[in-house]
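Single-letter residue listing:
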Amino acid sequence: MSRGLGRLAVVGALWRLGFAEAVAYRASLAVWILTTTFPLVSLALWAGIARAGGPVGGYGEADFVAYFVAAFMVRQLTASWVVWDLERQIRLGELSVYLLRPVPPVLHHAVTNLAALPVRLLLALPLAAVVLVAAGGLAVAGDPVVLLLLPPALVGAWLLNFTIQVAVACLAFWWQRSATLFEIWTCLFVVLSGYAVPTSLFPGALARVVVWLPFHAILGFPVELLLGRLDRGEALQFLGLQWLWLGLFTAIAALVWRRGVRAYGAFGA
Amino acid sequence: MGVRTTARIVGAQLRLSCLEALAYRVGFWSDGVVGVLWGAIGVIPLLVAIEHRPDVAGWSAWELMLLSGLFMVVSGIFSGFLQPALRASMEHIRRGSLDYLLLRPVSPLVLCLVADFAPWSGLEIIAGISLCVVSLAKLGVSPSFAELGLAAAVFAAGIIALYALGIMALALSFRALRLQNLTDFMETLLDFARWPTSAFSGPLKAFFTFVIPFAVMTTRPAEGLLGRLDVSSAAVAVTTSLVLMSLAWILWRRSLRLYTSASS
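So the sequence lines, in the order shown, correspond to chains P and S. Residues in the first sequence are numbered consecutively from 2, following our numbering. Residues in the second sequence are numbered consecutively from 14, following our numbering.
Just so you know, the hints here were simulated from the structure itself, not pulled from any lab data. Be aware that one or more of the hints could be misleading.
What the hints assert, rightly or not - One side only, chain P facing chain S, incomplete, derived with CB under 8 Å: (1) Thr36; (2) Ala45; (3) Val57; (4) Gly58; (5) Gly61; (6) Glu184; (7) Leu189; (8) Leu202.
What the hints assert, rightly or not - Here chain P is said to cover these stretches of chain S; the calculated rule only asks that three of the stretch's residues, wherever they fall, bring their Cβ under 8 Å from a Cβ of chain P: (9) 15-23; (10) 55-62; (11) 65-77; (12) 205-212.
Please read all numbers here as calculations on a predicted model, not as lab measurements. Where a beta carbon is used, it is the ideal one built from N, C-alpha and C, also for glycine.
So here's chain S without its partners, still in its complex pose:
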């Protein structure tokens, strides 16, 4: 299977989802408006912390807003691309209609990850990017090209880590049915990506750095934009996400063998 075929499939599914999103406008409210609203309301606990403290774990108010902006981008990618695809694929697994995907001459994992999209969540991504730009302007920080590049690379690794977690959830749903709510669990946990990982201590800090690496998704990229990220931390972040993706791939291969379709 070539890269071009894959790209064409992704493109076709995106087009289909966009057409559907335009046909049923309810998604504008459920995906777009709720996403942006949640992004905005969720800032309140951060504001409460800043109200009582000059900074949170060394992060000032607008630095925290930058982190929140990055969080909204990650959250938008999750609820716009990953979550709908996972839900649709888990439903295929539960009903046995995954057969139709497995029969196609393309990698089943790719087909599962493009099974459905929610384009209106793009609003949350746009709002997140705007918040990042405003925060950087307020801080008077203008990242150099090298800093931007490093931040972008780590952010990409963060998205890979996010997808790795999604693939693991999908693999688990072969074993236990009715696990659609695993994506809700991810969504809930994701909310803590608003906080710098250094605000947590002990095992939870390690957990959010290596197991569910919010550090790679938001904290490190934000540090990169602020010019506080050194190359070794960036390397650790990228390695973390690559290890997670390898684990996810192994788990997926093993789980796929367990699949017994609807009739057998």
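Same shape as in the complex, but just chain P:
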């Protein structure tokens, strides 16, 4: 069998493994999805504020509904949890087993994380649909060119989220509890990415600054793209920015991983 085909078979097997895990622990996955319903509660809150006193900075009641349902779905589509798994494997030495296998450990994580996506969507879509039907529909971008940019934006968002998590997890080679760092990252993410509140509602200068940060590239950008809040020029510009961040974090992750594996070997693990 050629090398390429062999790799493909391995990826297929990993996919089935990840899928089986997601199905086996579906109660656990369902709770994770519940945990990500955070935007749906924010939705109720902000839609209520808009209903009580008129639009808030360009967002009426229906706009808030569309925004937070989109945020919920984008979060589902771009979710990964590699930082927890990889950090634990490094800390407890379980990584040794994975290093012996013919598949790079990072690829293993990428495929098993991706494989849970269909199950995730199956559980999350009905929830989003119910909210949308109750609220009266979602207005997406009218410009087909902008919509065409959505798939690369989503892929970029998933990859960016994944790469950052790998980079942080790899710090565990030197600093055992690197997941703590990711918790701080998550704190900042919730507020600065547009997950808790659309970033365009921030006071002037802050709103202009946060859109350049990687948080916004992971969530706020794809959401605003989907809702048609960006014109062609802006969309292309933010897509470029997103992939620029991706390049930077991929380089960092690759560097930390390579150095880390060497340091890991030095422990005699």
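Mind docking chain S on chain P? Use the hints.
For chain S alone, kept in the frame of chain P given last:
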């Protein structure tokens, strides 16, 4: 089992956890600093709302800060006392090592609820109390003893409600394994305790008043401190939390019978 035995067990576990916390200083960052940081960053959405509106559901800026202070106290209690204990107990249930707890001559529920503590989260509680004091000073409000007493009573009921929810999560984990993340779900939802329950409408308002009663945990105590809480609302809040605790107790008793240890 006497109250004294229970108190001694709680004291011993607290001492152990404190020693451990001092030995492994990483908790200072993961529990203490992250907690305080989250408390501070989480205020931003409230600030955004205040930026666009004079008030949120009748709450002014510093009144919202008072609410945030109370939220930080509740959140500190959750992540310092309840969450670590739940995680440790769920791990016992999953591995079957709950046997060792069940064999001891003390109520298993008490042992589960003191299984582990994260003392550094105390920083968040201290920060929360400071925020409350600053907010009250800024508002120029000084609660009378009666108002303080009422607020404290409702707040205590709120903590009982929080523990009731924790016990329910623990009981559920007998049925479905790998439900440690239920505590993460609680943590996420808890964040909405920053907002006055009156900002929500319809079913969600009822949900946060009676099912996951953030009203009892933060909104009502804050109203109490501001002198806006009447006795009937306070009575409803206390009743809500007592009903939740009774339900939790029943669920716990039924679930414990399902436990089959590691070998059987």
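Item checked: Non-conforming hints, listed in increasing numerical order -> The structure conflicts with hints 5 and 9, although it agrees with all the remaining ones.
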